[in-house]
Structure formats: structure tokens, C-alpha cells
Amino acid sequence: MLGTKKSGKWKIVLLVLSILLVLTGCVGSGGSGGSSIPSGGEQTSTPGGQTGQAGGQDAGAGKVIRVGVGSSLTTGDPHMTGSYADQAVLINIFDPLVRRDASGKLQPSLAVSWEIVGDKTWEFKLREGVKFHNGEDFNAESVKFSLERVFKEGSKSPIQELRSFESVEFVDSHTVRIHTNTVDPYVPDKLALFAGMIVPPNYIQEKGEEYFHSNPVGTGPFVFESWVKDGSLKLKANPDYWGGAPKAMGVEFKFIPDAQSRVAALLSGDVDVINSVPTTAIGSIESNANLRLDKADGIRIYYMSTAYTSGPTQDKRVRQAISYAIDTQLLIDKLMGGYAVQIAAPVATSNFGADVDLKPYPYDPQKAKQLLAEAGYPNGFEIEMNTEPGIYTDIAQAIVQMLADVGIKVNLKPLPGAEFDDKYESGQLAPLWNSGYSIWQGDPTTLISTFFITGMPRAKYFNDEFDKMVNDMKQMTDADQRKKALHDILKKLHEDAPWVYLFQGNDLYGVNKNVNWSVPYDQLLEMKTASIQ
Amino acid sequence: MAAYLARRLVIMVISLLGATVVAFFVLHMTGDPTNLLLPDDALPEEREAFRKQMGFDRPLIVQYWDFLSGLLRGDFGYSYRYQQPALEVVLERVPATVEMMIAAIVLMLVIAVPIAVLSVMYSNKWVKSAYIAVTFLGQAIPGFVLAILLILLFSVQLHWLPASGNDQGLKSLIMPSIVLALFGAPQIIRLLRTSLASVMNLDFVRTARAKGQTQAKIMFFHVFRNALIPFITILGMQMGILLGGSVITETVFGWPGLGQAMVQAIDNRDYPVVQAGILLSAFFIMTINLIVDLLYAVIDPRIRY
Chain Y
18 MLGTKKSGKW
28 KIVLLVLSIL
38 LVLTGCVGSG
48 GSGGSSIPSG
58 GEQTSTPGGQ
68 TGQAGGQDAG
78 AGKVIRVGVG
88 SSLTTGDPHM
98 TGSYADQAVL
108 INIFDPLVRR
118 DASGKLQPSL
128 AVSWEIVGDK
138 TWEFKLREGV
148 KFHNGEDFNA
158 ESVKFSLERV
168 FKEGSKSPIQ
178 ELRSFESVEF
188 VDSHTVRIHT
198 NTVDPYVPDK
208 LALFAGMIVP
218 PNYIQEKGEE
228 YFHSNPVGTG
238 PFVFESWVKD
248 GSLKLKANPD
258 YWGGAPKAMG
268 VEFKFIPDAQ
278 SRVAALLSGD
288 VDVINSVPTT
298 AIGSIESNAN
308 LRLDKADGIR
318 IYYMSTAYTS
328 GPTQDKRVRQ
338 AISYAIDTQL
348 LIDKLMGGYA
358 VQIAAPVATS
368 NFGADVDLKP
378 YPYDPQKAKQ
388 LLAEAGYPNG
398 FEIEMNTEPG
408 IYTDIAQAIV
418 QMLADVGIKV
428 NLKPLPGAEF
438 DDKYESGQLA
448 PLWNSGYSIW
458 QGDPTTLIST
468 FFITGMPRAK
478 YFNDEFDKMV
488 NDMKQMTDAD
498 QRKKALHDIL
508 KKLHEDAPWV
518 YLFQGNDLYG
528 VNKNVNWSVP
538 YDQLLEMKTA
548 SIQ
Chain V
254 MAAYLARRLV
264 IMVISLLGAT
274 VVAFFVLHMT
284 GDPTNLLLPD
294 DALPEEREAF
304 RKQMGFDRPL
314 IVQYWDFLSG
324 LLRGDFGYSY
334 RYQQPALEVV
344 LERVPATVEM
354 MIAAIVLMLV
364 IAVPIAVLSV
374 MYSNKWVKSA
384 YIAVTFLGQA
394 IPGFVLAILL
404 ILLFSVQLHW
414 LPASGNDQGL
424 KSLIMPSIVL
434 ALFGAPQIIR
444 LLRTSLASVM
454 NLDFVRTARA
464 KGQTQAKIMF
474 FHVFRNALIP
484 FITILGMQMG
494 ILLGGSVITE
504 TVFGWPGLGQ
514 AMVQAIDNRD
524 YPVVQAGILL
534 SAFFIMTINL
544 IVDLLYAVID
554 PRIRY
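Chain order of the listed sequences is Y and V. Using our numbering, the first residue of the first sequence is number 18, and each one after it goes up by one. Using our numbering, the first residue of the second sequence is number 254, and each one after it goes up by one.
In short, the hints are calculated from the structure, not lab data. Don't be surprised by glycine CBs; every beta carbon is placed ideally from N, CA and C. Be aware that a few hints might be false.
Stretch-level coverage of chain Y by chain V, calculated; a stretch enters the list once three of its residues show a Cβ under 8 angstroms from a Cβ in chain V [as the list claims (entries may be wrong)]:
1) 170 to 182
2) 247 to 258
3) 285 to 295
4) 434 to 440
Bound conformation, chain V alone (with noise of 0.2 angstroms):
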């Protein structure tokens, strides 16, 4: 077990500094900010100076060795639209994000696992119907369309829910959430019901059935947890499906999260607010991963590291 942490977390580090590459360079090929930080009558011996005196002018090489020395320490590099560190401003954001992709995950939940479930266990029309409209429906409309029908409907129609931010607590996130676990939804249905049908005719479930048990007390004692390790795998890759999708999720509601941030950063050519961005969702995702593959070990006793 030690032995396979110690082996990952080497991988993470690795993939980690192939994140700082990717991230760094894609980056700087597209040019430097001084242009948009600088006014438009800015003269072009003036534009030289302030390349010069924010190292823009230097080999990428030797900047790409700045920006890494630098993580080494912490640091992030500052902010030029903010000013403040990187860190500080993309971690200021986390909070937000976090609260939304919690909130779409819980519903995601509440929506995907009972129609997956019941679908195995029934086969009645209202069972199949739920399972058609959230699988078909969740993957045919895109998140941005859904969130601006739900816009139209909830907020300028009805009156029911603020259009945008996230100051009016629960009913801020109602909309989001819908839009974010919808999209995510259909994928967990379908993998859980594969799963749990599978399952469904191995030997020990006719083993008790024929002990008399009830079709409840089979799916939850017996069925439900020999189907977990598809599912929970889903799930970890639905974390970093959220996170994408919470970019376009934000800049539609207005949510002050890490994707708007982001989207604004990419507009602004604020490469270290960008590049902490990539870095700390990077990370965020190979720590999931990580401890998806170790709670297979908790859930399945046969599986050994």
C-alpha cells in the first residue's frame, strides 16, 4: 500500500510538471500581455521598456525556469489585472466553485441513482419514462442552452430565482446545479444500471432469492455494493467533467467562481492567474483520482495494492 502511494504520488508530480509545460507555454505562444496592459497611444519605445521591465523580453526558456523556480517557492507569480498574487486570486475563488459543484454532485445523486436503481428492479412505464427523459435530455440539450431556458422560465417568467450571482444562498443555486448534474447525470445512470443488472444475475443473488429476502433487501445488502466500483469510478471522472463544465455553468450565472475567473483571465492575458488556475484544477483532479483508486481497496476487500 505504501509502496503503490509513494508510486502514484511520484506520478502526480510528474504529470504535474507536464501540466506547468502545457499551461505555460500554450500560453506565452500566443503573444505577451503588454499590449493590453499598456494604453493604445502608448508609443512603441515605451511598449519596449515594459516588456523589459516585466522580463517579457527574455527567452521563454528562461521565463518558463522563472515561473517554475518560483512554484518551487509558492509562488505563483502576481496578478497584472488584480494585483495581487496568482494564488490568492484563484484561491479567493475556490470557495464558490467548490459550493456549486457540491450542490450539482448531491443532485446529480439524488436524480441518477434512483432512476438507475429502479430501472433494474422494474420495468413500469413511469420507470422508463424518468430514464428516457433525464438520459436523452440530459446529453441532447447543451448546459449553456438548458441554462438559459431555465433563465427565461425560473427568473424572467416566473419570478422564482435570481438570474445570476450567488447572493440569495439556496435559490442562487437551484439553476446551476440543475444545469451542472444534468449534464453529468445520464453517464452515471447508464454505467450504474449496466453495473447493477450484471450483478443482478450472478450466482449469490439467486442464492438470496432463494432464501426468501425481498427484492429491497437484495439490491441494497448485495447488489448495490458489488456495483460500487464502476460507479465510483464514474464519479471521480465526473469531478473533473464538473469543473469544465462549471466554466461555461459561471459565465452564464454569473457565478463568481474559479471558471469565471478563469474565462476572464484567458480575456485579459493574465497568465499567472491562468496558469494557478490550471495548476490548482490539475491537482485537484489527480487527488481525486488518487483516492478513487484507493477506496477501491475499502469497498472491494479482493482488490490489494
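With the rest of the complex left out, here is chain Y (with noise of 0.2 angstroms):
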């Protein structure tokens, strides 16, 4: 009697839980299959409807493309943020002066040329007949505004890249002069996102800081309607945007930070696009008719740190050994799903000098034990790592694999985030540990100088020679020249290891098969050519 009472609870429970399973489980394999197509296509009409009513006459002209990003608007002033996520979204209601292209060149945005008038000076035309979407011109006084916000004493904006600026001069109603305190060379680098964004000058003094943080105005392609933090923030094309009306009707941009569910999303229809798609649905995403996986190369590097203060990591024989000792394409395969390529130094593909003769280190543990015994270690030795959580932890316990068949044992220590990033930051991190770095800034220079460059507290890399190489590169205003020092100083990063240069992650988006885009080549999720059927 009690027997079959019990048997009977449990064949409910567990007929519940087949069920939710029985069905949940038909969408990876299921996915591609009969049903989704049908309802995908009625997913992405209905919102099409919605936009119907808020654009009216131009129906069929566009739709609203909705996107997926993992990481919420903090703002929506582009000077009050040192998110690079924040300016992937804001990159469509504001214009920087400069752009960079896919090759990693600045192309004119609202400044149509720039040149270098005295030895710190640098003098930019800018273009005519644009205008804010309140009505403002936009001309001089918006760039002396703009700039002036960012560096000016007492300035609340958390970005430091203006620091070499001095003044900027007005010159005419369409050309300013930045003097600078220091020979700079980069100072049209430096605008072409963040501080480079251009505000209205009249609009915020008049409606005030605060509410222009949440009802941002500007000159780009789309035209800010409204925005529910950490929810949504909704954007309509701008007919009169001086580089050609954007061809979708709107932009929807859909913050959702947790991974699975931002893929949910797309595999729902409720969004066309998504970004960081993790390599774990790389799978259901392929596998679905509706949907492609675009990828583009990627600005982010990841790397293992090597040089150090003390013990045998100071020898660059034993920096070189670990180079050699680590299987990376091995890396690549199990851990990012093939979506990473080799890198040979600290450089993207997109990046100024990224065109450097360089091979990466091949994987020769032959080689590594030879170097070992060389630098007076044939037995190997003993030392300790450190790492931070996600993929790093993935990557650290691999390597400890591949140097453990090399003789050396590795004491892994992950830390916490907020931990590894306070040591990090102070540079009191083990003599080995692993990150990732994104090179945004279109030129590895910043990376050098933060990391390898004596007295910053995250280098341990000391050497006097290439201090001077680099700060020589820093002085050079003629491009080539410069180019061509950069491709010295990859080249003796290459050689003296004080990082194992893993390799570069690829971007991977999540796209719907009708929406038409150009992948974006650094993150920055550009709608202005999009469009959606």
C-alpha cells in the first residue's frame, strides 16, 4: 500500500519534469526544422507593425532593426562614460571628427581634414551644412565646446585621453586649431570616439547636464525617442542625416546581459541582432534556418604574462621556453570553437602596424626543454598563476597542462574579479597570470606603454633600450616613420616573450537572415547602412 502511494508520487514528478524537458529539448535539434520558420517569420512582422504606427507615412520603407547587447547604457552623454560599450550604441545618435576604418586608417567624419600647422598644433576643417537634431548648426563653437567639456579643470568626465591638450582655437565658423602642451601625434586618434563625439553646445546649456545625460541630442544618423535603463532605448532615423538617411526605419536596442537569454532572445524572433555570442551557441545558432553567424576578426587579444620582478621569469630563455611550450591553436579549437587567430605580439589585424613581419611562436616543447636547460633549469622549476573568472580560468588550466609536460609546475590561484582586477591594476599579481585586453584605440601604443613601459605598476619588463624606442615613437609625426619604429618594437616584444601572445578572439554576432549589415570591424554597433526586410 505505502509502496505504490509512493510510486505514484514519483511517477508525477518525474512525468512534469519529462515533460518540460520533452519539449525544451526539441529545440537544439529540433530548432532547424519545421516549426520555427513559420513562427520566426510571424515573429518579425509584428514588430514591423508596431513601428507602423510611430513612423506612419514612409510604411515599407524600412523596419526597425532590434539588436541584443550584452552590456546596458550607462549614459547617454558620450563624454560622461569610459565604456567602450556605451559608444558601440551611442556611435548612432553621435558623430565623432574622426573615424577609423576596417584597415585601422582615419577616415573624415565631421571634420573632413586635419594637418599638423606647427609643432603642436594641429589644425581641423570641419564640415558644412550639419546640423544637431534640435536644429543647431553644428560648426566651431559645438568642437571648442565639445573638447573643452572633456578636458577643461574640473571637468566630470572620466576619460584622460585629452590630457596633452592645451586650448582649442577658433578660427573660423568651420575651423579650429588644438594646441597642445607636449608634441602629440595622436591628437586625431584621440577623437575619433569618446572625447572625438561631438555634443550640442546650446541644447545642453540650456536643458542642462542632467537631462541631457538621459535625452542625448546629436548630429548621427539616428534620432534618440526614449530609453528605459537597463531596458530598451529606442532610436528613428534621421531623414536628414549628412551622410544619407539610414535605410531601416528605426533602431532598437534590447539590453540583455545574461548570455543564454540574449540568444534566446534571437532564436525567439524577439531580436535580429545580437552581440559576444558565447562560443556554447555557436551550435544552435548555425543549426537554425533563420540565422547566420557573422564574425569579424576582433580587437581583443589574450595573452599570458610572463616577465616578472624576481625568480626565473626574468630570464628571457625561460620567457621564450613557456612561448614555445604552449600548445595555442590547441587553445583555440577546444576553448573559443575555432572562432581565434595566432597572434605573434601584441597587435589586433585591424590596428596600426599590425602589417609587421612576425610569426607566433610554433609549439615545440623540444625547443622549450632545450631553452629551459640552457637558462640553467633542466629540471624545471616551481611557480605560481594567477587568473580571473570566465574563459581566463579556461585558458590558465590548459596552460598549466602544457607546462607541466615541460617540467614546470604551475600553483594556479584564481581570484575573484574584483580581486584579480585590484592587483591587476596595482601590478601585485603572481609572476604568471593571464587576461585579455581590447585594443579599441586602432594602434597598440597604449597597451605598450601600460604595460611594458618601466615605472607603470603593471610592467615587469625592464629595459631601458626599448623605453627609449618607445617614447622616440611617440615623438614622430610623419606616419611612416612611425609605423615603421612600431614594427621595431613588435618585433622585440616578439623576440624577448615578456607575454605569451595567445591569440586574437574573433566577434561573433547573431544575425537573422533578413538583416542586411556590415559586421562591424571594432565592436561599434553602426546601424546607418542596415537594413532589414
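Starting from two chains that each stand alone, build the complex the way the hints lay out.
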């Protein structure tokens, strides 16, 4: 009696559980099959209908593109954020003075041309006939106001790049001169995003800074409509955009921090595009008949730091041995789903100077052992390593195994994110540690000065000759000369191996097949040329 | 009554003070947010200057005093991340969370009360099955797993409901409230069932039965009211659990509420926002508890303060 009662209970529990699992289990295999195709079509037409009410007259001209993004917008003010993810969204509302193209070259945007006119003076010619969304004219005044907003004493902006700026001189209505306190060949580069975004002076003075944070007005291809913080940002097309009206009727950014939920939103047709596709979701997107996986080379490089103030890794041969001992291709295949490319130096493929003639260290454990023996460690040694949560821990664990094969015993101590960050910033991590770095500046100079120049807290590679090479390069105003110098610097970094340069991770986007867009090469979710059927 | 209320309010203020200590010191022990606010290549001296400007270089106890005296003026500080007053950031998110919690509470009651009542009144197979299914599954499946299963089923597979966000009214509300409700329902069912069953055995119920009243009438006019006190208590406690549960639920469902704002603020070390969020939540829970205690006297005339 009791027995049957019990089994009856379990039957019900099991039944409900198995129904849930069976129903949801269909997703992986059956998702590409019949059911999702018609319903997917239905889904995308619904929001089109909704926007019809908002946009009205031009029905059929385009629809709203819905983009699911991983990190939510913190402010509508491009000068009050140090987050690249914010710029990636705000680029649709604001235009920078210059814009970097896929090959890392600077192209005109709100500035049509620029040149160096004195040792410490740059002159920018501005585009004529551009208006802000509120009707205000774009001119030299707006540029002076915008730049001073960032670098003037007492500025609330977290952006520090303009520290070399001294003043902005109004030459005529569409010409400005920027005076710097040192020779700064990077002035145009620094105006490609963040500080280079131009904001409307009259609007801000009238409505106040705080109002501007949540009601942004720019010159960009889309006009601000509404924003629910941590929810969504709605933009509508700017038909008078100086670069030509966008094809889509609008863009809606939905902020979905959880990666699995973001993928689910794409699979269910709630959004048309998502960024930061986790490697675990590649399969379910590729196997879905409505979706495709778009890939860009990416700007994030993954590395392990080996140079240290004391211990065996002070020796260049030991560092090289570690580079030879790591099977990077295996890491790429197993941990990155194959979506990464090996690198030979701290530079991403789209960066200035990426055309340097270098090959990654091959996987060669024999050579590694030989170098270790030469350095006086024929039986290897013991060393500590730190890592941070996420993919970095997986990479670190694999590396520990690989180094064990050549006799190096690594004691891995994974740290919680906040603790890792603190020790990372202050340079207190173990002799070995691994992380990643996004070279969004389009040029590896910032990275090099942060991690390899004596005196910076994170730099443990002490080389006076190298410091001089970098400082000299920073003074060069001629681009060709500077590139050559940068090549030499990268070659030196390859040879001396203060880092193990692992790979450059691809940026992965899940995209509905009815969306036409150019895949962002720099993670900026710029939608001005995108369209949706 | 008035004396009791006054005493409770004093205790509440002391508890809130305790909450400020925990919120402030635990957060600040993890370091200051300078590194997150400044770009990577900021020079050491720039970091120091920034620390000074923001006041992070002062002793913690001084910073705490600053924070506390600000609170007395209703000033929770300024959000580093959103560039607006922290209290404003938090209050903006409250409606979304309250909406979700109300939906969850209503759904929880709709599920729990009938199952508890019926399982006391009848012992047939279907009632038992429902009782077992809800209590077992509700407690056995973690909220975030259930959330993902529901998303896969209703959004990805069937396309009935949006996978995230709160911009589609009732449709957006369904899955988050199911997740929250199923998590809290088992406790309510068990407790209500026990307390109903114990009242069922009391003399006055037998008397009512002897008078020839129907089962339903006995249940609703006699038993239920007498079983209400433990029920109200657990309902009050559920509010706290719901508020905690909403953090995970909001993250999974991309719900722009208090929970998600807190998670983001912690990630970004936006201390003023975290502190404002903690204090607001603490205040909310304490108020609920106070209301529950006062309700006892309303429900049960034997209780006096």
C-alpha cells in the first residue's frame, strides 16, 4: 500500500519533469526544422507593425532593427563614460570628428581634413551644413565646447586621453586649432570616439547636463526616442543625416546581460541581431535556418604575462621556453570554438602596425626543454599563476597542463573578478597571470606603454633601451616613420617574450537572415547602413 | 498600541543603521572604484589625484560619517556610473520590480491557496498529485533553471512569449512571475495546509459540523480565518524572499528592475547605488514585517499590543 503510494508520487514528478525536458529538448535538434520557420517569420512582422504606428507615412521603406546587446547603456552622454560598450551604442546618435576604418586608417567624419600646422598645433577643417537633431548648427563653437567639456579643469569626464590638450582655438566658423602642451602625433586618433563625439552646446546649456544624460541629441544617423535604463533604447532614423538617411526606420537596442537569455531572444525572434555570442551557442545559431553567425576579426587579444621582477622568468630564455611550450592552436580549437587566430605580438589585425613581419611561436616542447636547460633549469621549476573568472580560467587550466609537460610546475590560484582587477591595476599579481585586452584605440601604443614601460605599475619588463624606443616613437609625427618604429618595437616584444601572445578572439554576432549589415570590425554597433526585410 | 508602534519604529531605525554599516563597510573592503572609473593607461599619479578628488583617500570611518550625514539630509550620494543621484537611479527601477512582485504574489496565492485548502478538504488523487507536483518541483528546480526551461519552451520553441524585457505588458510578465511564484508557493502550501489541518480538529469545527453546515462553509467561515496568522507571517517573509529572488529572475529575463540595477552596480562598483538599493530593500522588508505584526491584531481580536 505504502509502496504504491510512493511510486505514484514519483511517477507524477517524473512525468512533469520529463514533459518539460522533452518539450525544451526539441530546441537543440528540432529548432532548425519545420516549426521555427513560419513562426519566426510571424515574429519579425509583428514589431514591423508596431513601428508602422510610430513612423507612419513611409511604411515599407524599412523596419526597426532590434539589437540585443550584452552590456546596458550607462548614460546618453558620450563624454561621461569610459565604457567602450556605451560608445558602441551611442555612435548611432553622435558623430565623432574622425572615424577609423576597417584597416585602422582615419577617415573624415565631422572633420573633413586635418593637418599638423606647428609643432604642437593641429588644425581641423569641419564639415559644413550639418545640423544637430534639435536644429542647432554644427560648427567650430560646438567642437570647442565639446572638447573643452572633456579636458578643461574641473571636468567630470572620466576620459583622460586629452591630457596633452591645452586649448582649442576658434579660427573661423568651420576651422579649429588644437594646441597641445607636448608634441602629440595622436591628436586625430584620440578624436575618433569618446572625447571626439560632438555634442550640442546650446541644447546642453539650456536643458542642463543632467537632462542631457537621459535625452541625448547629436548629429548622428538616428534620433533619440526613448530609453528605459537597463531595458531598451529606441532610436528613429534621421532623414536629414549628412551622410544619407539610414535604410532602417529605426533601431531598438535591448539590454540583455545574460548570454543565454540573449541567445534565446535571438532564437525566438525577439531581436534580429545579438552581439557577444558565447561559444556554447555557436551550434544552435548555425543550425537554425533563419539565422547566421557573422564574424569579425575582433580587437581583443588574449595573453599570459610572464615577465616578472624576480624568479626564473626574469630570464628571456625561460620566457621564450614558455611561449614554445604552449599549444595555442589547441586552445583556439577547444576553448574558442575555432573562432580565434594566433598572434605573434600585442597587436590586433585591424591595428596600425599590424602588418609587421612576424610569425607566432610554434608549439615545440623539445625546443622549450632545451631553452630551459640552457637557462639552468633542466628539471624545470615551480611558479605561481593567477587568473580571473570566465574563459581565462579555462585557458589557464589548459596552460598549466602544457607547462607541466616541459617540467614547469604551476600553482594556479584563480582570483575573484574584483580582487584580480585590483591586483592587476596595482601590479601585484603572481609571476604568471593571464587575461585579455581590447585594443580599441586602433593602435597598440597605449597597450605597450601600459604594460611594458618601466614605471607603470603593471610593467614588469624592465628594459631601458626599449623604453627609449617607445618614447621616441611617441614623438614621431610622420606616419610612415612611426610605423617603422612601431614594427621594431613589436619585433623586440616578440623576441623578448614578456607576454605569451596567445590569440585574437573573433567577435561573433548572431544575425537573422533578413538583416543586411556590414559586420562591425571594431565592435561598434553602427546601424546607419543596415536594413531589414 | 501607540507605545508598541513607537518601540517598533525605534528598533527599525536601529536596524537601518546596522544596515548602513554592513552596506558601507562590506562594499568598501573590496577596494575603491578608481580603477574601474579610469581608463587602463591612466598614470599612477592620475589615479592618486582622482582618489583625492573623489575622497577615496580618506580613512573609511570618515567616509562612513560623510555617507551617514548625507543620508540624514536624504542624500544617498551620486552614482559614478549613471551621473545622477543614486536614490533616483534606484527609485526609477522600483516600479518594474514592484510590478513583477505583485504579479508573483497574486500567482503564488492563486496556485497555493486552492491546493492547500483542497488538500485538507479532500484526499483524492488529483488534489494529491497537484500538491506533490507543485511542492516538489517548486523547491527542487532552481529558479534560473526553470527560467531557462520556460524561455526555451515558450519563447524559442513556441514563440508565444518574449524571452526578455518588460515592454510587452502582461505577456512579458508571465514567465518571470511563474518562476518567482513557483519558488515561494511550496512553503505557503505546506504551512497553510498544516495550520488548516490543525484548526480542523478543534472543537468549534466539530460543533459547526454538528450544526449541519457544509464543508465549504466550515472551511471559509470558520477554519480559514483561524489559520490566517501563520499564513500572513509566511506571506510577509515571502516578500523578502521574492525581493531576493527577483535579482536572479530579473537578470535572466532582462527585466529593468531593482535587482538588475543592483547586479550591474556591484559589477561596476557603483557604491552609492548599491548602498541606496540595500537600504531601500531593508526599509521595505522592515515595513512589511511591521505591517504583518500589526495585522495580527486585526485578524485575531485576542491579540493586543
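Now the hints, each set against the structure:
Judged by the Cβ-Cβ criterion of 8 angstroms, the region 170 to 182 of chain Y is covered by chain V as claimed, because 6 of its residues qualify and three suffice. With a cut-off of 8 angstroms between beta carbons, the region 247 to 258 of chain Y has 3 residues touching chain V; three or more are needed, and the interface restraint holds. Given as covered by chain V, the region 285 to 295 of chain Y passes the check, having 3 residues with a CB less than 8 angstroms from a CB of that chain where 3 are the minimum. Against chain V, the region 434 to 440 of chain Y contributes 4 residues with a C-beta closer than 8 angstroms to a partner C-beta. That satisfies the three-residue criterion, and the hint holds.
Figure legend: structure checked against the earlier numbered hints; every hint is met.
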